[in-house]
Amino acid sequence: MSKIYGTDENKVKALDNVSFSINKGEFVLIVGSSGSGKSTLLNMIGLLDRPTNGKVFIDETDTTNLTDDKISSFRNKKLGFIFQFSNLLTDLTVLENVLLPREIAGTSDSAEKNAIELLKAVGLDDQINKRANKISGGQAQRVAIARGLINNPSIVLADEPTGNLDSVTSEKIIQLMKLMAKKLNQTFIVVTHDRQHFGDVDRIITIKDGKAFEGNLPSEMGVLA
Amino acid sequence: MEYRLRLAKRMLFNKKGSLIGAVLAVTIGILVIHVNFVIFQGLFDAIVRDISNYRNGDVLITDEEDYIDKSDQALVNWFERIPYVEAATPRLSSTASINMTKFGTLHEETRIPIVGVDPLRDIRASTVHETVSEGQYVFSRNSIVLGSNVARDLGGAQVGDSLKVKIIDRYGQDQIKRLVVTGIAKSPGGQGFDYSVVVHIDTLRDLMNRDGDTGSIMVKLNDPSKASDVKNFFLAAFPNDDFIAETIEESAEEQLAGFRSGIAMINMIGYFGMMSSAFAIVTIQMMLVNGKTREIGVMRSIGATRKDILIIFIFQGMIIGAIGAGVGTAAGLGYTFYAKETKMSFNNSLPLEVSYNWEKIIQTAVLSFILAIIASLYPSYRATKLLPVEAMRTV
Ligand SMILES: Nc1ncnc2c1ncn2[C@@H]1O[C@H](COP(=O)(O)OP(=O)(O)OP(=O)(O)O)[C@@H](O)[C@H]1O
Ligand SMILES: [Mg+2]
Chain C
1 MSKIYGTDEN KVKALDNVSF SINKGEFVLI VGSSGSGKST LLNMIGLLDR
51 PTNGKVFIDE TDTTNLTDDK ISSFRNKKLG FIFQFSNLLT DLTVLENVLL
101 PREIAGTSDS AEKNAIELLK AVGLDDQINK RANKISGGQA QRVAIARGLI
151 NNPSIVLADE PTGNLDSVTS EKIIQLMKLM AKKLNQTFIV VTHDRQHFGD
201 VDRIITIKDG KAFEGNLPSE MGVLA
Chain L
226 MEYRLRLAKR MLFNKKGSLI GAVLAVTIGI LVIHVNFVIF QGLFDAIVRD
276 ISNYRNGDVL ITDEEDYIDK SDQALVNWFE RIPYVEAATP RLSSTASINM
326 TKFGTLHEET RIPIVGVDPL RDIRASTVHE TVSEGQYVFS RNSIVLGSNV
376 ARDLGGAQVG DSLKVKIIDR YGQDQIKRLV VTGIAKSPGG QGFDYSVVVH
426 IDTLRDLMNR DGDTGSIMVK LNDPSKASDV KNFFLAAFPN DDFIAETIEE
476 SAEEQLAGFR SGIAMINMIG YFGMMSSAFA IVTIQMMLVN GKTREIGVMR
526 SIGATRKDIL IIFIFQGMII GAIGAGVGTA AGLGYTFYAK ETKMSFNNSL
576 PLEVSYNWEK IIQTAVLSFI LAIIASLYPS YRATKLLPVE AMRTV
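As they're listed, the protein sequences go chains C and L.
Under this note's numbering, the residue at position 74 of the first sequence is numbered 74, and the numbers go up by one with no gaps.
To convert, take the position in the second sequence, counting from 1, and add 225; that gives this note's numbering.
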C-alpha cells in the first residue's frame, strides 16, 4: 500500500508501495529514522486512517470498504492501541479506563474480573480506583497495555510506547509487553526508536523514506515488496 | 451507569468552571422569565384585581340604553339569590363641576367624574371604601368623598369642608347641591377613585333627574371562575331587556389591551434571553470539545463510533439543561415566593398580584432543557468530526 499526504506541490509520499504480512503471535518492531513513515504505517494497520492505494487485511478481512461503524467495531474488538502520550481518559479511574473497550463493545459480563486480572498482570492492582491523571507516566503505559488487551484483540499496536519514559521505566514496559505477548500468544506491532532495549524479537521491519525493509541493519536488510 | 453518561458527567464535573458557566447561563435565562412574570404579569393582575374590586366587579351589568331602568333593588336581590354571588351593588356615574372656597379663595374644578353608590351595598360588593384614608365612606345623602387628587386640586380640601356640586341634568338644566366632605380616597396605584368623587346614589339621581335609574350593577362573586356562568344565567333570565353583561376580562379589555401586548413583548425579550443562554452553552461546549480533542481520538481509536461521541456530548447538554432548569426554576420560585410574601409593590405603590403559574413554570423549565440539548447539538456534531488519528499526534 501507499499513503500520500497533501495534494499537488506539497505532496508527501509517506508510504511508498509497502507490502508485508504478519503472522499471529509475532512480536514485530518497526524502526526507522524520524519522518520515515512509521506512524503513518501504524495508522494504516490500526485503521485510524485509510491508505491512498492498496489494502489492509486483518484476519483475512479486507478492510478497504468497511463503513465507519464497522471500522470502529474492528478497532474495538480486533485491535488494541498504546500511544506515546496521554493514552488514558483522565476523567475516568484506572479501572474504568481498562473497562472502556468492553463497555463500548457492550459485552460487560465478567469484564471487571478480567480487567482486574489484567491490572494485576501489569502490576497495578493496587491503583485501580485512582483517577487516571493521578498516576505516573510508566503506570499510565501499563494501564494502556491492560486496556489494549481487555477485548482479546488480534493485534496490539504501539507507537513509541516508551518514547516518553526514562530508561529504567522503559525497560520495564518493554519487558512487560514481551511477557504479555508470550503469555497470551498475542501479536504486537511496536514502533520504536529504542531497538536495543527490546532484545530478541520475532521480527524487525525498517522503514526508510516510506519504503519497508525486513531486518534492522543495512547489511542484513532485504527489500520487502 | 451507562459509560457514555458517566463520561459525559465526569468530563463536565471535572471542568467546574465550564459547568457552572453553562448552568448559570440556563439559570439566568429562566430567572429572567420568572422575574418578568412576577413583575409584569403581577402588575397586570394587580390592575385587573383593582378594576374588579373597585369598579367592575367580577360581572358588570349595563344597559344598551346607557341607563338601567329596572329596579336596582330587584336586580340586586335576583343576583344575591345565586350561591356564587357574594354581593351586588348599583352604581351611577356622570361628570360634575365642583367649587369650594378655601381660605378666602374660590377653587373650581370642572369635568370631575362623579360616582353614585348605595352605601350599604357598596361596602359588601367593592373594596373601594377601604381606600378612604381620612374620614369615612359616603354614609348619607349630603356627604361626598373626594379622590385625593381632586381634594388637592381644590386647594387642599379636607374632611368637614363644604362644597358645591353642579351637574347638568337630563333636561340640560344646571342642578346644584351643597355637600360636606366626609372622606378622602387614595388608593395604592391610583386605580381607585383618586380622580373622582363619590356621593350617595340617590343624591346623584336627584341631581341628574333620573329617579330610579342605575348606570351599572357591579356583581362580586365568591368564586370568580364562575363569572361566565353567572353572566349567561343572567342574560338567559332577562332575555327581553337590553342588558349587557360582561366578565371582568371583557369589561376591562379596553384598559388592558395595550398592557397585554406589552407583556407579550416582555416575554419575547425573556425568550431572547433564553436564546442567548443557548449560545453561551454552544460556546462553552465548543471549548470543552476542543479541550478533549485528543481524548476523543483515543475513544475513537478504541472503538467508540461517531454516534457514541455524539451521544456523550448530547448527554452533557442534557445534564447542563437539567441542572440549569432545576436551579433556574428553584431560583425563580424563590423570587416569586419572596415577592408574594413581602407583598412586593410596583413603584412603591401598587401591590403586585403575585401568582404561581405552574403551567408556565413547567413550560419554561422544559423549554430551557430542550434548548440546552439543541445547543449541544452543534458542538456534539463537531466532536464526531474529530478523527481517530488525533490520538496519535505526538504533540
Ligand atoms: N497528516 C499529515 N499531513 C501531511 N504530512 C504528514 C502527515 N502526517 C505525516 N506526514 C508526513 O509524512 C511523513 C511520515 O510521517 P510519520 O509521522 O509517519 O513519520 P515517523 O516515522 O512516525 O516519524 P517520527 O519518528 O518522528 O514519529 C513525514 O514526512 C511527515 O511530515
Ligand atoms: Mg511517529
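No lab work stands behind these hints: they were computed from the structure.
Worth double-checking, as some hints may not be accurate.
Said to hold, decoys possible - Simulated crosslink set (DSS-like; lysine-lysine; CA at most 25 Å straight-line):
| no. | chain 1 | residue 1 | chain 2 | residue 2 |
| --- | --- | --- | --- | --- |
| 1 | C | Lys78 | L | Lys532 |
| 2 | C | Lys130 | L | Lys241 |
| 3 | L | Lys610 | C | Lys70 |
| 4 | C | Lys11 | L | Lys234 |
| 5 | C | Lys134 | L | Lys610 |
| 6 | L | Lys240 | C | Lys134 |
| 7 | C | Lys77 | L | Lys610 |
Stated by the list, open to error - Counterexamples of contact, computed for chain L against chain C with all Cβ distances above 12 Å:
| no. | residue |
| --- | --- |
| 8 | Ala233 |
| 9 | Leu237 |
| 10 | Phe238 |
| 11 | Asn239 |
| 12 | Gln298 |
| 13 | Ile337 |
| 14 | Ser365 |
| 15 | Lys391 |
| 16 | Gly415 |
| 17 | Gly487 |
| 18 | Thr530 |
| 19 | Arg531 |
| 20 | Asp533 |
| 21 | Val552 |
| 22 | Ala564 |
As the list claims (entries may be wrong) - Partial selection, computed: residues in chain L whose CB lies under 10 Å from chain C:
| no. | residue |
| --- | --- |
| 23 | Glu227 |
| 24 | Pro338 |
| 25 | Val523 |
| 26 | Lys568 |
For every residue, glycine included, the Cβ atom is placed at its ideal position computed from N, Cα and C.
So, going through the hints one by one against the coordinates:
1. C:Lys78 x L:Lys532: holds, 20 Å
2. C:Lys130 x L:Lys241: OK: Lys130 of chain C and Lys241 of chain L at ~20 Å, within 25 Å.
3. L:Lys610 x C:Lys70: holds, 17 Å
4. C:Lys11 x L:Lys234: violated, 43 Å
5. C:Lys134 x L:Lys610: violated, 29 Å
6. L:Lys240 x C:Lys134: Holds - the C-alpha atoms of Lys134 of chain C and Lys240 of chain L are around 16 Å apart, at most 25 Å.
7. C:Lys77 x L:Lys610: holds, 22 Å
8. Ala233: violated, 10 Å
9. Leu237: violated, 9 Å
10. Phe238: violated, 8 Å
11. Asn239: violated, 5 Å
12. Gln298: holds, 81 Å
13. Ile337: holds, 75 Å
14. Ser365: holds, 82 Å
15. Lys391: holds, 85 Å
16. Gly415: holds, 60 Å
17. Gly487: holds, 48 Å
18. Thr530: Not fine: 4 Å to the nearest Cβ puts Thr530 of chain L too close to chain C.
19. Arg531: violated, 6 Å
20. Asp533: violated, 7 Å
21. Val552: holds, 23 Å
22. Ala564: With a cut-off of 12 Å, Ala564 of chain L remains clear of chain C, as the shortest Cβ separation is near 41 Å.
23. Glu227: holds, 9 Å
24. Pro338: With a closest approach of 71 Å, the Pro338 of chain L hint is violated.
25. Val523: holds, 6 Å
26. Lys568: Violated - the Cβ of Lys568 of chain L stays beyond 10 Å from chain C, reaching only about 49 Å at its closest.
Hint compliance for this structure: hints 4, 5, 8, 9, 10, 11, 18, 19, 20, 24 and 26 are broken, all remaining hints hold.
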